[in-house]
Every structure is written in structure tokens, then in C-alpha cells.
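Peer 1: As they're listed, the protein sequences go chains A and B. Each residue of the first sequence is one higher than the one before, starting from 4 at the first, in this note's numbering. Each residue of the second sequence is one higher than the one before, starting from 1393 at the first, in this note's numbering.
Simulated from the structure, these hints should not be mistaken for laboratory data. Treat the hints with care, since some could be wrong.
Partial chain B-side listing against chain A, Cβ under 10 Å, derived [unchecked claim]: (1) Glu-1429; (2) Asp-1521; (3) Ser-1546; (4) Val-1646; (5) Leu-1658; (6) Cys-1688; (7) Pro-1870.
Positions of the beta carbon are idealized from the N, C-alpha and C atoms, including for glycine.
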Amino acid sequence: MIYRSLFSLCALTASAFAQDGGQLFTQHCSACHGTDGKGATGGAFPPLAGSAWVAGDADRAIKIVLHGLHGPINVAGKTYNLAMPPQGAVIPDDHIAAILTFVRSSWENQASAVNADLVKSIRAATSDRNTPWTAEEILKLHPLPFEKTALSSLISRVYQGPWSAIPDFAPLKPISVEEEHDGIISLSDSPFKESFAMVWEGTFEAPSAGDYTFLLDADDAATVTINNKPCLKIGGTGPMNGTRARRGTMTLPAGTHPFRVEYLQIKGNQGIALGWKAPASNSWKWLTDKTAPPREPIPIEAADGRPAIYRNFIAGSTARAIGFGFPGGFNISYSADNLATELVWTGKFMDGALHWVERGNGKEPPAGENVVNLSKSRALPAAAKFRGYKLDPTGNPTFSVQVGSQTLLDSWQANAVGLTRKLSISGSGKAMKILISDRLATKATTGHEYALGDKLLVTTDGAALETTEGKTTLNLDPAKPVTLTYRWK
Amino acid sequence: MRFLLALCITATLAQASTPSEYYLREEIPLPPGEVMEIGSIALMPEQKVAVTTRRGDLWICSGAYGDDLSKVTWTKFAQGLHEPFGMFWKAGWLYLTQRPEVSRLKDDDQDGKADTFETICSDWGINGDYHEYAFGSDPDKNGDIWVVLCLTGSFTADSDWRGWCVRITPDGKMIPTCSGIRSPGGIGFNSEGDVFYMDNQGLWNGSSSLKWLKPGSFQGNPSGNKFHKLANFPAPPEVADKSRVLTEHLKYPVFIPPAVVFPHTLVGQSPTGIACDMTDGKFGPWKNQLYVGEQCHSQVQRVCLEKVNGIYQGAVFHFLQGFEAGIIPVRLDQKAGMLFVGGSNRGWASRGTKAFTFERVKWTGKTPFEIETMTANRDGFTLNFTQPVDPATAGNPASYSMAAWTYILQQTYGSPEVDRAIPKITAATVSRDQKSVRLKISGLVRGHVHHLDSKGIKSASGAPLWHTNAYYTLNEIPK
């Protein structure tokens, strides 16, 4: 009987007495961070054990618990892109204090206790905040405890010039030269936003002998040279979002190694991220103040002579994009919103590493080259409705759009040098105006060939393309199907 | 106090680790090397089972019902679908609810691969936000598919009809049906054919709940209110911040209170798919009850419902646990009495430690001693049991304990348990057949979750309850 009443007391009054941080942690946090603090599912979620994020100044962790955090975050060398829901409206101040005290003193974490008054004052001070933090935002307010990088004797030089590729720096005179005692490669030493280059030189300390992996991402170009040997190179222009990132491995003896990084910012956004992994280690350490999500590519490609299909958020098209990657390396993205193929490109089709990892937040650009954006506006009248697609026996699509009593059939497949498109109308009635491009200058060349912009040539089997007010269209007669072929210059 | 709590936790863990002698859970082997993050399950003729994956593949499994699961074979039927969460088979077609549309597909040329992908309706908005999920039902008696549309980022309604339930008719019309939705995890029917969905804890949703999609109703989150005009609906409820569901329901009868609240962390924290038991006893004695998947805790819960004064309410019980990953779809084969579940923990952590899973559950034929149903009375609750009770323990009010609470209805994320009350159990009367107990209770609180712990009772043969806790949401007190 005593036993029983103890249990019922326990069940009924748990919330009144439960300032046991460990139990509260289990209840509210362990589903994602793991009962052992190492992150659930073998570290698929961020660890708190050994994490700098819960060390030092407790304000950072309190604010994250109160308001949540979303987007990319680097924890102990690994980048996560998830969302932690805000707990401020669920967990009272004294419980948050107990949980954080537990977290900061468990699993070999050694940080001071958190008291409820601090949580209360931070809650009051941030009461107007109603969106979760991003890692970048909160690090500006509460930087992580300082850690020196593996680079020493680091010197940075800034150069200015309108280069389109990384220049030969030997004859150039730097605008400024600085010593970087923290060993951190950062663009913050450049006074420029565009048309500049930087070089960092220093010594990389390899703690043991073995294969070192380096990961470089940049916007725009960058190179890494170790022991005077090229290690990594990103050329041209483009974003720093993982799609242009490069990795390389170098075998290094233990000890110091001359290390050189060159960087070029042409225009637009800027950034450089450079990480390394010690032999047999799974965690990335960073030499830059920015980190790059180290993506493991998941190539999506044609197989068994059939095209690959990727229905997802494809950058450059709309949310209802349907990608087809044909055998032979010709690719399209059809928009079921705008009822037209909006992108065509060559080479690799798509990389699943963004959408097929974690929550899949964002738009993924085509993985290949020579991307041509044909149009971005609705190609058919407002009443037109997307009706799906049919695959032929080899998997090539015919997209179907209902326009009144007529159905437009729009078929695509690869040929030896590009893409073949067949347009026809099922159901009789008026001719239909088909949008070919709303943005590329169209110029008739020879016969029925037209140049579409500077990359693409399109040939018709007789039909004429017309351009008015910047839009190139084709008049499709219900009785006369049209075949178009697209090839790259 | 610390000692008492420790005792409490130990007891819970001991119960959790006991393998079930009542239900047999088996993993169905998956095609090697494939990432099978299952988002929907459909039953096909000849005991074939179709599944879709979050990566957009559709596979068909043969042998999922067999005694020897090593003989299971898989064929890939389609690829390149957009994260479907809802699929059923009907007259030669597989119907899918994908993120951007309701569609159906089939294999016209009979080469084993789908070749016809018909878009039935794509009239709702998506903008590329990962959280704009769409969960679709089986067809209702009119053949309509009910689709619940998650808010943008689970916070706002940046695309058309976010935060709404829409019905898609067989000829592709979209009928806006209910507003006030936040972040659904699954949708299904009860035995009457009424439609329910699971909404997850967050803004304007203090704790995850099973909600009744009564046409024309409002479900609590005002983010999608801007579409009331577009839907030709009356002006939406302007619910007050920091209020209570009951308060706002009384102001706005169109705001249907959640039928059953799943108290956050006590009964899971990410409820998902819904299946109604119409097996006629092939899956145990839970006639017409609902099974609800749970992603975070890798479980399946059990719900009994009743309608009081025109509003659904009822109790949730722990039921099945220990699945290998976070459970998303649940699909019950009513003829075979076989429950299929699948899931993934990508992006949202789960107790089950695998990245994805496909499992089946069979009833062993042995009935646990359990509260079969819990129903409300004017002055308490009636408990019906699966087996005769021991009159001495079941008739003793001290064998039971009760606490009641509710949640704040607010625009911030979730809510603590508030307005706590301790209703007093004054009498426990065992029925003549010993299959039910009538609890007389003073201090019932309308609108509150009533947590009943029946830890002290035993069956006539001396067995303890399989699960002692029940959580009843008392929207209405019977007159």
C-alpha cells in the first residue's frame, strides 16, 4: 500500500517537484540530442557532449532553448541543417536552468551551473523575439570559446584588380599585409567587396603522419597549395553552397608544412571555407571563419538506358519542377506551374545531397554544365491545367496540358547531340501559341535554324519562330505537329 | 523526492523493455542498398504492398504477408515522385498525394513500370519551402481525397491554402474544407467515415492532437485565415492569444476542439498516420478504435472515441512500441488483421535508431488485460476492460489516481501543462459481469485532459494492466 501511494504521488506531482535536470533532459531533449548527449541516431543530430555551444557563456544556450535554432550549424566539426523548436513557451525558467546545468556538467562537460534568474532575465530581454535563431545570428552575440587553428605564422595579403581568374601574384603589389595570430583565414581583412584577391601563407601543423583530407568551397575562385604542391582548386564564378566544393587528400608526415591559399572575389557574394580531417577522423576542423556543409554527393543519373526523374525544388525553375536526366548527358527541368521546360543543360543531371539529407531545405541547381534558362513565365493561358506525363517504353516523357477542349502534348528525348522536342495538339480547334523563350534573343541563322541566346541552337522541321516584345513563340496548328531539336553551340 | 522519481523512471523502463507477448513485430527486409524512407503504404491485390519513399521512389513488395519474410521480393515501379505522403490502390491505379498535387499512376503497357502519371489536382500553392508538406487520405464515400496542407516552415501561410484541409474530387476539383491547421503528420477515417488528422505541437497547438476535420470547421491556428475569403467561408474566428481552447470554442463554435490531446512527451511528441480497426477482431478486441503512428518515440498509440453533444472526444493509450525508426504511415489490412508501418528519422530524430524501416505487426491471439474503452459520464468515467477484473482492487478508489490539466492556446510554440486540477475519485463500482468499472469522480474539468492511472487494479486472474495510463480529453461532460 505504501508502495502504491508512492507511485501515485510520483505520477501526480512530477511537474511540481521535477527540477531534476537529468530527468527533464530525458523528457524534453533526449529524443534528438540522445540520452548520452552524443546526438540521436549515432550522431545524426547535434551532440551536446563536448560541444562548445553549451560551454562558456550560458546566454547562448539559454537563448537557443528559449527561441529555437534553424538552418546550418557546425557542431564539433560536423555541419547539421535541422530545426530545433523553441521551448520557451513550454518549459519554465527553473526547468530550463536545471536542464542546462545538467547538460553543462554531464558527459565530461565542465561549465558552470545556470540559475533560473539568469534564464528569467534573458527571457525578458528577448521577449520580442518570435523566430528561431540562425547559428550566424547567435554567434555574433555569443561567439564560441576561442580555439586556435592548425595554422601558425599566418600572413594575409590583399590585392585589388578586375581579374576573371586567379592572377599570378608574383609581380603584384599587395594593398595590405597582416599577421593573423589566431590562424584563421577570413575575408574580413579585405576592405573591398568586389574585384579583389587574397593570399594567405603559413604553416600547417600535422599532428600525426597519414592521409589528410581537405575540403574547399568558395565564392568565387580559390586554390590550396601544401608543401608547394597543388591540393585543391575551384575556378570560375559561382556560389558557395556545396555544389562547387572540392575535396582532396594529401599524405603528410607529422610536423609542419608550408601552406598557401589563394582567393579571388569577382563580384556579387563572397566567401571561402576550408576544412580538414585528420587521418581516420570523422570530424572536420576549420581553418576559416566560415564553414561549408561538407556534402557527400548523391548523383542522380540515367540508368539502364532510361532517364532519371527528379521531382523537387530545382533552382532556376519553380517549386513544381520535374527534372529528366536523359542518357547521354542532356537534361531538362519542366515546370508544372509554368507549363514549359524552363531549364536545359548538359552533363550531370542532379545531386540529391541537398534534398535527400536531413530536412532538405532549399533549392538545388542542376549538377551539370551549360545551363540555359529558356523561360520563367507562364507559357500558356491562365485556364490551362497540367495533366501529368506519360513515359514511352524507354522512359521519355510526354507532358500533357489541358487547354479548354484541347490537350497540348509536349514530348522530350535526347538525341546524339542534344534534345528532340515534339509538340502536338490532341482535339481540334484553334492553333496554340507555344512559348519557346521569354528571355533569350532569337536570331534566324540558316534554313530553319535559330540561335537562342549565345549557347543554344534550335532547329524546326518547317515551323517558323516569331519574336515579339522579347518573347519567342511558335504557332502550333492542331493538324500539324512540330519537331524541334535543341543543341549547344 | 529524487529517490521517488528515480523509482518511477526505473519502473517505466522495466515495462518498456518487456517484449510483447500480445503483438509480434517483424521487420520486412528491404531492397539491399536502397534508401527506403517510407512515407506511404498502399495495399494492392494479391497481397502486394506498395510503398513510397521520401526520395520519391515507389516500390512494390511481394511476400510481405508470408510466414518466411526472407522470401520477400521488391520491384521498383516508379521514380521521381515528389515526397508522397498518402497512397492507395483503386481499380488498377495507385493514387498519390505528392507535395505539389494529387495524382494517379499505372502501368499501361504492362512492362512492370508505371508509365502513366496523371495529375488530378494541383490547385494548392507550394513555394519551395521544405515544410510545406501535403498528407492525403484514402477516398471517402464520394471518392474524394482529403488533403491537409502544412504551413510554410510550419509557421506561416506563404502559399495558397497553407493551413487548410482541401477535398479533391475524382474529377479534380478542389473544395476548401477546414482551416486552422498547423503541421499535420497523417490523416485517416474513423469507422463512421468522419475524417481526422494529427496536428503536431507548435504555434496555436499546445500539445499534439487528433483533430476532427468537420467540414467548415476551424482547427485552432489562425495563420491560414487569410484564405477564408478566397474559400467563400464566413469570417474566421479571431482567436485570442494566451487563451484556452475551451474559451475560444465557446466564443466560436466553428472552432472544433481537438478530439484527443496527446500530452506532449507523455504520449509521444510527433504523431503521424491514422488507421481505424475494422478487422472484426483480427487485431485484438479494439473494434473501431484508431491506431496512430508516432515518429519521435517510434510507437503506435491507441485511441477510443465517442461523440458527446455532437463533439468527438476520447482517450489515448500507449499501445505498441520499440519500432526501428520514426513511424510515419500506418496501414491496417482489415481482412488479414496485419498492421504495416514504415518510417524514417531523417530531419526529425526518433528513439528507433535506424534511418528507415518497414515493419509488420500481427496479433498473437492473446489478449492483454487492458482498458478497452474509457467513456465519459455526467459524474465520472466508465472503463470497459478486455478481461474480467478483480473486484477487490478494481472496486477500490485508491487503485486509481487522476490529474487534469490543459494547455495555453497561444501564438508561441507549444505550451506547458496549465490549470492543473486533481479530480477526486470517490467510488469505483464494478459491474456484475466484472468487465467494467464505473468511476465516480468529483471535480471533472471541462476542456481538460484527464490523466487516469489505474496502476492498482488487477484482472480476475491476477494480471496487472498492460498499460495503466489513459489520457481522456473531456471536451463535453455528458448531461
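Peer 1: Each hint: holds or not?
Peer 2: Against the structure, the hints come out as follows:
no.: 1; hint: Glu-1429; in the structure: holds, 9 Å
no.: 2; hint: Asp-1521; in the structure: holds, 8 Å
no.: 3; hint: Ser-1546; in the structure: holds, 8 Å
no.: 4; hint: Val-1646; in the structure: violated, 25 Å
no.: 5; hint: Leu-1658; in the structure: holds, 9 Å
no.: 6; hint: Cys-1688; in the structure: holds, 5 Å
no.: 7; hint: Pro-1870; in the structure: violated, 25 Å
Violated hints, in rising order: 4 and 7; the structure is consistent with all others.
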